[in-house]
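S.K.: Spelled out from the first residue to the last, the chains are:
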Amino acid sequence: GDSVTQMEGPVTLSEEAFLTINCTYTATGYPSLFWYVQYPGEGLQLLLKATKADDKGSNKGFEATYRKETTSFHLEKGSVQVSDSAVYFCALRKGSQGNLIFGKGTKLSVKP
Amino acid sequence: EPEVTQTPSHQVTQMGQEVILRCVPISNHLYFYWYRQILGQKVEFLVSFYNNEISEKSEIFDDQFSVERPDGSNFTLKIRSTKLEDSAMYFCASSPGQRTDTQYFGPGTRLTVL
Numbered sequence: 051g052d053s054v055t056q057m058e059g060p061v062t063l064s065e066e067a068f069l070t071i072n073c074t075y076t077a078t079g080y081p082s083l084f085w086y087v088q089y090p091g092e093g094l095q096l097l098l099k100a101t102k103a104d105d106k107g108s109n110k111g112f113e114a115t116y117r118k119e120t121t122s123f124h125l126e127k128g129s130v131q132v133s134d135s136a137v138y139f140c141a142l143r144k145g146s147q148g149n150l151i152f153g154k155g156t157k158l159s160v161k162p
Numbered sequence: 013e014p015e016v017t018q019t020p021s022h023q024v025t026q027m028g029q030e031v032i033l034r035c036v037p038i039s040n041h042l043y044f045y046w047y048r049q050i051l052g053q054k055v056e057f058l059v060s061f062y063n064n065e066i067s068e069k070s071e072i073f074d075d076q077f078s079v080e081r082p083d084g085s086n087f088t089l090k091i092r093s094t095k096l097e098d099s100a101m102y103f104c105a106s107s108p109g110q111r112t113d114t115q116y117f118g119p120g121t122r123l124t125v126l
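Residue numbers (our numbering), protein chains in the order written: chain A, 51 to 162; chain B, 13 to 126.
So here's chain A without its partners, still in its complex pose (with noise of 0.2 Å):
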């Protein structure tokens, strides 16, 4: 079936380093994929997201691109901040369908 793997965490990040958190899929036909990001004590947010091949979502210094080729989605910033310490989510859509398809999250703390 339909899946989304990310890269297990935590991931530790000193302030102003580069960050990718992988994601892969496996999903028939040409789903949507998504980033959302959970901070502490909140809902999950949508981040960015991306509807078809080589799209480039983007939001807050994020970027993922949609690589059907290699059918991943991976979260990049070039420099992170404290403030983006949070839970990272990938997900897909297909298109017939509402719900989504997570991955497992992967913790991102960002130390001074």
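Keep in mind the hints are simulated off the structure, nothing from the lab.
Glycine included, C-beta positions come from ideal geometry on N, C-alpha and C.
Treat each hint with caution, since some may be false.
Here are the computed lysine-lysine pairs in the BS3-like style, where the Cα-Cα straight-line distance is at most 30 Å [to be verified]: (1) K54/B to K99/A; (2) K69/B to K144/A; (3) K90/B to K102/A; (4) K106/A to K127/A; (5) K157/A to K106/A; (6) K99/A to K95/B; (7) K99/A to K154/A; (8) K161/A to K110/A; (9) K69/B to K54/B; (10) K69/B to K157/A; (11) K90/B to K154/A.
Examples of chain A residues toward chain B, derived with CB under 8 Å [claimed, not checked]: (12) L63; (13) N149; (14) L150.
Here are some chain B residues the structure puts well away from chain A; computed CB gaps all over 10 Å [said to hold, decoys possible]: (15) Q29; (16) E30; (17) K54; (18) E56; (19) N64; (20) S70; (21) I91; (22) S107.
Please arrange chain B on chain A, whose structure you already have, making use of the hints.
M.R.: Just chain B, lined up with the frame of chain A:
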């Protein structure tokens, strides 16, 4: 900014008891969802609800689960007879109109079954 709220933030119950988890979706949204995350595992879809009926459900959503929108603002998930394996974080979400719209999530309710 409107947000989805959930109560309680943490619920502890004895195995076999009934629990009701409550959610208040964003007021003009039409689609409602429940997801859960067992500790250390993936966030899993349970059910979606539209126009006062279930529109999709996963195989997890068996007869012990039910959903309801009792008063036009609340959206509830009932678990009739809780099991130890129901211990998880339960997330409610809502979206404005089409099923493919962005889903807005609540902070979750942590359910602990003893």
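S.K.: Please go over all the hints and tell whether each is borne out by the structure.
M.R.: The hints, checked one at a time:
no.: 1; hint: K54/B to K99/A; in the structure: 19 Å, holds
no.: 2; hint: K69/B to K144/A; in the structure: 15 Å, holds
no.: 3; hint: K90/B to K102/A; in the structure: 37 Å, violated
no.: 4; hint: K106/A to K127/A; in the structure: 13 Å, holds
no.: 5; hint: K157/A to K106/A; in the structure: 23 Å, holds
no.: 6; hint: K99/A to K95/B; in the structure: 36 Å, violated
no.: 7; hint: K99/A to K154/A; in the structure: 18 Å, holds
no.: 8; hint: K161/A to K110/A; in the structure: 19 Å, holds
no.: 9; hint: K69/B to K54/B; in the structure: 17 Å, holds
no.: 10; hint: K69/B to K157/A; in the structure: 28 Å, holds
no.: 11; hint: K90/B to K154/A; in the structure: 25 Å, holds
no.: 12; hint: L63; in the structure: 22 Å, violated
no.: 13; hint: N149; in the structure: 4 Å, holds
no.: 14; hint: L150; in the structure: 7 Å, holds
no.: 15; hint: Q29; in the structure: 26 Å, holds
no.: 16; hint: E30; in the structure: 25 Å, holds
no.: 17; hint: K54; in the structure: 5 Å, violated
no.: 18; hint: E56; in the structure: 7 Å, violated
no.: 19; hint: N64; in the structure: 16 Å, holds
no.: 20; hint: S70; in the structure: 7 Å, violated
no.: 21; hint: I91; in the structure: 19 Å, holds
no.: 22; hint: S107; in the structure: 7 Å, violated
Comparing the model with each earlier hint shows violations of hints 3, 6, 12, 17, 18, 20 and 22; every other hint is respected.
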